[in-house]
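Quick note, the sequences are listed as chains A and B, same order. Mapping of the first sequence onto the numbering used here: residues 1 to 490, in sequence order. Mapping of the second sequence onto the numbering used here: residues 491 to 980, in sequence order.
Take these hints with a grain of salt, some might be off.
Claimed, not checked - Just so you have them, the derived chain B footprint on chain A, three or more residues with Cβ under 8 angstroms: (1) 11-17; (2) 190-199; (3) 376-387.
What the hints assert, rightly or not - Negatives, chain A to chain B, calculated, CB over 12 angstroms: (4) Leu39; (5) Pro43; (6) Ala133; (7) Arg168; (8) Ala237; (9) Thr336; (10) Val454.
If you are wondering where the hints come from, they were derived from the structure by calculation, not from laboratory data. A virtual CB, placed ideally from N, CA and C, is assigned to each residue, including glycine.
Protein chains: 2
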Amino acid sequence: MDTPSFRAMGHRMVDLIADYWDDVESMPVLSKVAPGDILAALPASAPRCGEFDPAHPDAFWNALAADIDRVIMPGLTHWHHPRFFAYFSANISGPSVLADMLCAGLGVQGMLWATSPACTELEQRMLDWLGEAIGLPEQFLFRAGAGGGGVIAGTASESTLVSMLAARARAHAASPAAELVAYASDQAHSSVVKAAMIAGIASSASDTMHVRRIAVDAQCRLRVDELERAMQADLAAGRLPFFIAATVGTTGVTAVDPVRDVCLAGARLPVRPWVHVDAAHSGAACVCPEMRWMLDGVDLVDSFCFNPHKWLLVNFDCGCLWVADRRPLLDALSITPEYLRNAASDSGSVVDYRDWQVPLGRRFRSLKLWFVMRAYGLDGLRAYVREHLRLAELLESLIRSDDRFEVVSPRTVNLVVFRLRGGGDVANRAMMDAVNASGRAYLTHTTLPATHPVAPGAVVLRAAVSGALTREPHVRDLWETLRSHATLRA
Amino acid sequence: MDTPSFRAMGHRMVDLIADYWDDVESMPVLSKVAPGDILAALPASAPRCGEFDPAHPDAFWNALAADIDRVIMPGLTHWHHPRFFAYFSANISGPSVLADMLCAGLGVQGMLWATSPACTELEQRMLDWLGEAIGLPEQFLFRAGAGGGGVIAGTASESTLVSMLAARARAHAASPAAELVAYASDQAHSSVVKAAMIAGIASSASDTMHVRRIAVDAQCRLRVDELERAMQADLAAGRLPFFIAATVGTTGVTAVDPVRDVCLAGARLPVRPWVHVDAAHSGAACVCPEMRWMLDGVDLVDSFCFNPHKWLLVNFDCGCLWVADRRPLLDALSITPEYLRNAASDSGSVVDYRDWQVPLGRRFRSLKLWFVMRAYGLDGLRAYVREHLRLAELLESLIRSDDRFEVVSPRTVNLVVFRLRGGGDVANRAMMDAVNASGRAYLTHTTLPATHPVAPGAVVLRAAVSGALTREPHVRDLWETLRSHATLRA
């Protein structure tokens, strides 16, 4: 495609995107297509002749735009919809999309410093900016020069995996034959178990001998007494506790594990296990100083991750991982074959990010952090987060005002966890399914732990208030939708 | 950022990208900055106040554009430069950038079918289109309904890792306690060793007991007799051969391993090892029927990957992995916690791609394959590849015409491997460094295996002719640059 055609079509794509953002509120949040509908709308094979003809660029654009409308749009669940309250958000923003465009247009690879120095050094600086912005201690920043630093790791699953690999490298350097055990609360993200499966530490998802799922307290926080008991039992049985994942904002109810006590428990063992903090969603709130209570103890941890692509206006993927000491990470992931050697890398004077991750190639993702932090500034990001916190508080108070409902878990950040009091799991699932099928809002559920004081083992609903377009009327609309469905069922 | 401002800035970003493509040829290919230069040009901390003001959107654009020019551009090694001949290419194209824009603008997540059905089903269909386009047997396509299918896996490193994990799951299902051994030629990509380290199968990069690096023949192809010998020795010692990586187009010299014979050797063992084909770069050439000799035997393999983001006009990241049987992959990677369950997934009627990969979240990357295959058509992609093959042949003939140079490895696709005859490794490295430092072209080197018949253990230069903007004058220019540096040194 020639550049004049790209220019013309690019302008139209920008307008298509802007139109989508302007219109998305009018669409059903959750796609209504049935399995196979999209497949059936697409030809079985690739076209033999290209559809783009530089003499008639409009024809290709028109064909594409029509198919986006006909095939793609009905098949989308709109994550950018202002009434999307499911899972955790995957924020997008204008500055971030501009950065993604530039990343695509430059098309450089950042696997080594030399393959595009700006890609590596902007990333180093942005991880310092962001680490400082959320209040991480200095040892996690490159500027401290103490061996720590950060990397864009894609997703929190990848951050957890590479942290576990670094932990294994450190543990095996001291005890090569040790049988390793990892620990996380029974509310921790599935990626902890998945990482252990990938690493060969757990033989399957149900290998609770090698990934101990620790019971939680009444607020769904990891119980440190249970953690200590489990670690001591493993030590007594000749196994080595090597990795603890503490969660700051669990997926189910945004519970915040007691990071400091977890670290202190680890430090009392003969060999200190690696402590990794998974703050994938909730870490974003720490741009606000008043939310940094969640980070108490983070000065003692080995690694910390959170995803600006969830709740900080940066497009997916942009998960950030910081380590206090990069050496175990490099021990776990560095392989330097001949065809990747060059003078700058050999001298050790630069960072080669391929050794901080599973893949070799990498995009210029730090542009997104640069554009977003510059566009909004820290004050802008704080105002953004605080407004969602206010709206979550509002939703909570609306739910509390209607005694057919109950809030079942204390709100720590922007997630409200609630249920219908009557009718049990069946009624709550039915209400959720009805709300989602209406297209008016999208919610997901979780199941509380069996030890939960209010609703043990119950199916409860989650509303995460973190959409970039979500404003007070959307939260009030969600509440009206919930109320009307509760009335229908009464 | 409000949509009118995004619209205005988006148009300007499209123009910035198009201007970059028009101008890139005038820039030095390899960045000339020194370590730390970019870091020093960036403030130490994020700004407190946002720079974007909807009342003056131009001011933010002007500041950004000036910094892109001042800070970023000098720090780029230009992968889209028409005289970039290093590594393998990372192609970009107009249709692919348009698709990446749409992907960013929609911002949907494809972790589950339900989280955006179009994201999953378009990917399924595109992997069928592309698999058929390169001549993969029917069992790798979803449409065959036989349990096979494809996935966008990011990079070939990730494809190799998840294939190895699936292989382990299959091997351990039969022999839970078996000590596993993987095999690849000593010319295979470092990602095989890295995958084994991640999986905990190899204890380090030098653990040759668990990743056997098999010697190659005079053309750098895996020697099947050596593979059989190694597998038999491991079996005799009580270890289980579980995974063989065959390379179609090695990184060093694009050697093509004898896939059929590798598979037959595996099939003669008591337990058949998983055979994975890594065609990361060269697989793209198989859009041309005359290049499909490289795939002989692929009907017998378990998994196959190639990266359209290298040489097929699709932006990074878009690495494609196909498996003949998805079940071992799901056994290795599937974990289904409560908060990810939904009716469509539970019924088994849909594909949930989170179970085909390491991360949970995923972007709508199949849009890139859709736009590119539609824009160019199979005929257009074939013409694109054939022109690079012609230019590589031309470069090879130019090198052969000057007896100060020699072509040291038979050309299989678009990579020419050569050296200066006199002066040995020192002279060849010096010439490469001089060419690269000139900014006129960018080449990388490799070291031939110690068993190589022409130049055992020698440092040799590689020129990969696969840039989207690379035309005959650029190849002739590379040759003149090389010649003039050889003359300077004579």
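Checked hints:
1. Beta-carbon proximity to chain B at under 8 angstroms applies to 6 residues in the region 11-17 of chain A; the threshold of 3 is reached and the given coverage holds.
2. Against chain B, the region 190-199 of chain A contributes 7 residues with a C-beta closer than 8 angstroms to a partner C-beta. That satisfies the three-residue criterion, and the hint holds.
3. Counting residues of the region 376-387 of chain A whose C-beta lies closer than 8 angstroms to any C-beta of chain B gives 5; at least three are required, and the coverage claim holds.
4. Distance check on Leu39 of chain A: its Cβ comes as close as 5 angstroms (rounded) to a Cβ of chain B, failing to clear the 12 angstroms threshold; non-interface status is violated.
5. Annotated as non-interface, Pro43 of chain A brings its C-beta within 12 angstroms of a C-beta of chain B; the closest such distance is 8 angstroms.
6. For Ala133 of chain A, the non-interface assignment is contradicted: its Cβ lies about 5 angstroms from the closest Cβ of chain B, within the 12 angstroms cut-off.
7. The non-interface label for Arg168 of chain A is inconsistent with chain B: the shortest C-beta to C-beta separation is roughly 7 angstroms, within 12 angstroms.
8. Here Ala237 of chain A stays apart from chain B, with its beta-carbon at least about 19 angstroms from theirs, past the 12 angstroms limit.
9. Distance check for Thr336 of chain A against chain B: the nearest CB is about 8 angstroms away, which does not clear 12 angstroms, and the non-interface claim fails.
10. The beta carbon of Val454 of chain A sits about 17 angstroms from the closest Cβ of chain B, which is more than 12 angstroms, so the claim that it is off the interface holds.
Checked against the numbered hints above, the structure violates hints 4, 5, 6, 7, 9; every other hint is satisfied.
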